[in-house]
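Residue numbers (the numbering used here): 1 to 90.
Heads up, a few of these hints could be off.
Taking lysine to aspartate or glutamate and the DMTMM-like style, the derived pairs with C-alpha atoms no more than 20 Å apart in a straight line are [to be verified]:
(1) Lys53 / Glu24
(2) Lys53 / Asp22
(3) Lys34 / Glu85
(4) Lys8 / Glu24
(5) Lys8 / Glu49
To be clear, the hints were calculated from the coordinates, so they are not data collected in a lab.
Source: prediction; values computed, not measured.
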Amino acid sequence: NLPAMLGKAQQLGLPVYGTFLDGENIYTATLACKGIIVLGNEGHGILPETSAKITRRILIPCGASAADAPESLNVATATAIVCSEFFRRR
Numbered sequence: 001n002l003p004a005m006l007g008k009a010q011q012l013g014l015p016v017y018g019t020f021l022d023g024e025n026i027y028t029a030t031l032a033c034k035g036i037i038v039l040g041n042e043g044h045g046i047l048p049e050t051s052a053k054i055t056r057r058i059l060i061p062c063g064a065s066a067a068d069a070p071e072s073l074n075v076a077t078a079t080a081i082v083c084s085e086f087f088r089r090r
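Using the sequences provided together with the hints, build the complete structure.
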């Protein structure tokens, strides 16, 4: 049960990051050294019950403007970008 596990992570003080179109730009956001990253399905995003447990909403910017951006990224590509940015800041 992912929402329950994320709730326990919150109790331990771990940030729970999720990718959203209305999130904070991952390249300018303050990112913790430890935390949990949740990525959703390309078509439907993160489920509402899981979304309720996200403490930090992040965005992968994909163009000069929202009009230039694709509707979504492949989840494997998004995972690589997010993990790379966390690793880069270590």
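Restraint status (C-alpha distance of Lys34 to Glu85 at most 20 Å) | Distance of about 13 Å is within 20 Å: holds.
Is the Cα-Cα distance between Lys8 and Glu49 20 Å or less?
-> The given pair, whose Cα atoms are some 15 Å apart, holds under the 20 Å limit.
20 Å limit on alpha-carbon distance, applied to hinted pair Lys53 and Asp22 = 16 Å, holds
Lys8 paired with Glu24 [C-alpha distance capped at 20 Å] | 24 Å, violated
Is Lys53 within 20 Å of Glu24, Cα to Cα?
-> Roughly 17 Å between the alpha carbons, so the hint for Lys53 and Glu24 holds.
In terms of the numbered hints stated before, the structure departs from hint 4 and from no other.
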